Amino acid sequence: MSLSHIGLRYGNGPEVLQDINLELQQGSMQFLTGPSGAGKTSLLRLIYLALRPSRGFVQLFGRDASLASRDELALLRRRIGVVFQGFELLNHLSVFENVALPLRFTGKQHDSYKRDVEDLLSWVGLGKMLDALPDTLSGGEKQRVAIARAVVAKPDLLIADEPTGNVDPQMGQRLMRLFSELNRLGTTVLIASHDIGLIETFPVDVYTLVDGRLSFRAGKNKGGERDGRA
Amino acid sequence: MSLSHIGLRYGNGPEVLQDINLELQQGSMQFLTGPSGAGKTSLLRLIYLALRPSRGFVQLFGRDASLASRDELALLRRRIGVVFQGFELLNHLSVFENVALPLRFTGKQHDSYKRDVEDLLSWVGLGKMLDALPDTLSGGEKQRVAIARAVVAKPDLLIADEPTGNVDPQMGQRLMRLFSELNRLGTTVLIASHDIGLIETFPVDVYTLVDGRLSFRAGKNKGGERDGRA
Amino acid sequence: MAERKKSALLPNNDERDGPLFFVMTIIVFLASLSAVSAAIAVQSVAHWKQALRSEMTVQVKNGNPETAQQAVEILRNMAGVKSAYAGTREEAKQLLEPWLGSQNIPDDLPIPVLVYVQLEDTGYPDSSKLSGALAGAGLNISVDDHQRWAKALSRSAQSVQLLSVAVLALLFTAMIAITGFATRAGLAAHKDLVEVLHLVGAKDRTIARLFGQKFIILGLKSGAFGAGLAAISIAGLIVGGVGASSFMQVEAQVGFGQLWVLLLVPLVMAIVGGWTAHYSVLNNLRKHHQ
Amino acid sequence: MAERKKSALLPNNDERDGPLFFVMTIIVFLASLSAVSAAIAVQSVAHWKQALRSEMTVQVKNGNPETAQQAVEILRNMAGVKSAYAGTREEAKQLLEPWLGSQNIPDDLPIPVLVYVQLEDTGYPDSSKLSGALAGAGLNISVDDHQRWAKALSRSAQSVQLLSVAVLALLFTAMIAITGFATRAGLAAHKDLVEVLHLVGAKDRTIARLFGQKFIILGLKSGAFGAGLAAISIAGLIVGGVGASSFMQVEAQVGFGQLWVLLLVPLVMAIVGGWTAHYSVLNNLRKHHQ
Ligand SMILES: Nc1ncnc2c1ncn2[C@@H]1O[C@H](COP(=O)(O)OP(=O)(O)OP(=O)(O)O)[C@@H](O)[C@H]1O
Ligand SMILES: Nc1ncnc2c1ncn2[C@@H]1O[C@H](COP(=O)(O)OP(=O)(O)OP(=O)(O)O)[C@@H](O)[C@H]1O
Ligand SMILES: [Mg+2]
Ligand SMILES: [Mg+2]
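Sequence lines, in order, name chains A, B, C and D.
Sequential numbering from 1 applies to the first sequence in the numbering used here.
Sequential numbering from 231 applies to the second sequence in the numbering used here.
Sequential numbering from 461 applies to the third sequence in the numbering used here.
Sequential numbering from 751 applies to the fourth sequence in the numbering used here.
If we strip away everything but chain A, and leave its shape as in the complex, we get (with noise of 0.2 Å):
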């Protein structure tokens, strides 16, 4: 994943994100952050290609994204799994059906993913609410269903935004084990987050991001402080 040169606007506003130079790794894992309104969630968006830059190029597991077709991005897109900062859940389909759609895109089985999806929600504590709907859960449980629907397919990238703002901090330590797991098993991992507590008890690189500038500091045990460009 590579973003070189990125500038985004929203409509005629002033540049939210100014050129931006991002490299991740195959199976690399950092953080994200910077103050509210810093454009963390943008920069996201960019990636997991729900938005267009207004320039530069976009390069998703050696495709570049604006060459891509609509179908293509599709497929590209099943590669990526992403927890909204809003959750997006379906409010129609139960805990169980919201996570299990990602799979049901790739033309798996019912049968196939049915045990894999119920022990993913047992470990993030949901395996009693399989079959209920998202509007009766608390705020903690839909974040966790959503970081549940954001792995289940074992993507090659995951993007997080903001996946612990609304758990306590025991569970916040457990879904990030979930991301480290994930991660030793090869998914490159990007997570936005304000929780700087969380942060530093990782040894990972941390991103900053600050009016629509990036920064980079390497991980605790992993060296100093260098420039964004990766």
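These are computed hints drawn from the structure, not numbers from a lab.
This list has only true hints and no planted wrong ones.
Some chain D residues near chain A, calculated using beta-carbon distances under 7 Å:
| id | residue |
| --- | --- |
| 1 | P761 |
| 2 | L943 |
| 3 | V946 |
| 4 | L949 |
| 5 | V950 |
| 6 | G951 |
| 7 | A952 |
| 8 | K953 |
| 9 | D954 |
| 10 | Q1040 |
Footprint (simulated), chain C over chain D, 3 or more residues, beta carbon under 8 Å:
| id | region |
| --- | --- |
| 11 | 770-781 |
| 12 | 916-923 |
Footprint (simulated), chain D over chain A, 3 or more residues, beta carbon under 8 Å:
| id | region |
| --- | --- |
| 13 | 47-53 |
| 14 | 67-75 |
| 15 | 86-95 |
Here the structure is a predicted model, which is why all the values come from computation and not from measurement.
The C-beta atom is built at its ideal place from N, Cα and C for all residues, glycine as well.
Given chain A's structure and the hints, the job is docking chains B, C and D with the ligands onto it.
Leaving out everything else, chains B, C and D with the ligands in the frame of chain A:
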């Protein structure tokens, strides 16, 4: 505000809240904490009259809520400011209009509150976004609009559900100062939050909800642990 | 910073309103057409019945002008008869034209002479009284009270009437259903809006009024458009004189007088729309929100 | 834990579908009625034109049976004439009955004799040829080619036809508009659903097909209901014989044959509904989502 012997179940589910007794002194300020799914939002919904308890009594401003007519309930609600966990902004109204919403129902004139609303939005860092629509805001910006709407009418009771989950720590401190300020002017404040770091920095009482039961811990500068029955 | 105006609490340029307005306009147009044709049918039947009840024809079968004149004298003096006059041989020939052709009637053909009798509106004598009086005077004369025509005419007018009323009822139901549908869709789309307004302290009536007003305006607008279109079409039909049948001619006489019905349509629409919206919202609030 | 079935991606018991189904059914019902009446009108005109074109009447004005027989001989031998026969005095009297009454026709009244001429379907001679041939034989005879009737009849049939087609077009537009409206409302209500499916990697076609199918089914269902209702009503009208006018009688003859039109209605509805939904969604996706 007082809750006595409150029980709550959704549909035929288990009791989410069990025998809750809680009394908030006029002009006091407290936190409510507890693991995800413990029932914090449910408890707050009882207090701001979005929900009826399955058993027990809710008393607000000296009035038993179960005896009040629908119109009286509307009048009681006008004295309560709420920051919803899901923000609940109106997408077709501008930031300014969203914040001014509670004032419209009190029959106040636009000119009389225009300056107040603008000043308040500047204080939460949104002075330049008065005319923006909620859909174009970042997560933290939405949260701040929700907070501004809750406090704009200087309510007698302020209920905030996870009001700092989407903002950076500095902004979190700033918003908490807003709540304290309001509290000093006489508003009773009740804040549900997971953010233990934030809670620790305030010398206020903390209620903890675990498995549908409430326990109480007095603020650091105040006194020792005691039972939930306030 | 520019002047900031108080904006509508309900999004007023809802993207759903365009086609809804369109559908409602068409429905109103059709409902208006049926309303007018129902009104015309009702009026026509009354008109015909009146015309047929107030007229009889007496046939002097030997075609003798003197016998006819005698009959006229007798009839004029009867109670309940307004006037009576004998038709000319020319008139009688014209009636036979469709069957015999115009130039084909030989001068010596003894065509029966018709005597037209106008009756008073009330208390008119029936045909047997007339023929009794004539037979009493020794005249062999047959009386036609037009019952055959009256029956046939009022039967077809009634079926037109029935059909129009049925279509009208259907369209009316469709109108209400569309309003109900749109309101529910509006409420479903604005569920959060309703909830937020409710929790912020708006009274039920205030919220219901918001939606009610929206549909009153929509009803008035689409009602006025649809009814206006219908008025233009009907006027066009009448003036253009499409259909040369006698039925249509009666319509033309009555038609313009019935157009006032159309003024009611937008009003009814607005009331139905507003009321449905208002009460759907109220019910919804009472059911789902404390 | 109980068996968990794969559930529909689109909420299939949408609370908006009830009234929508109702409205669509009514619209289909009305559209079906107009479709059938348009088809009947088209058929009637063709039927009458054919009947009138293939028949002429020759009037022997002196009422002499021998002259009539002579005319029949001449006509039978003409090219383009299928058959010819002279009517009886009784038949002629029956035609005069409405005007002269049944018992009022004196036996010595020289009623013209009518000769009925059936013509070949194609290449039939016009009335001037016939009268020319008859005049050539020294017979003073008038020929009626029924043009007057043909014109009056086809004029009113055409206006019925025009009206039905106009109403049909309107209802059809209403149907499409309702489908379009419902789709847009559905999309607005399911905006998040569309976005989530899109971001989770569903292809545009997959999402569009979901909505398309929903409206195909809705179209088929409401189309079948509405058209079925219409078929029952029309059959009822025909069998019940509402309206005793000759126009209605012709309808009855043709009516049942035209009911097949109704089979098309649900199909058209389904196609229109499905297509509109499918392409609204596709457009929407292309416009608002990368
Ligand atoms: N659709 C949009 N149209 C216009 N402006 C937008 C839109 N989405 C975001 N913005 C603006 O872009 C800026 C960056 O937003 P973004 O959501 O990327 O911030 P963020 O870093 O995720 O903030 P937070 O931590 O509060 O979620 C904000 O000022 C926001 O108002
Ligand atoms: N409308 C509802 N119907 C049924 N169950 C519900 C409903 N709302 C909440 N619940 C259940 O009640 C329990 C408490 O929910 P609540 O939202 O009060 O938790 P919370 O303490 O606010 O959690 P969080 O910190 O995650 O927001 C949860 O298990 C949830 O699934
Ligand atoms: Mg964000
Ligand atoms: Mg909660």
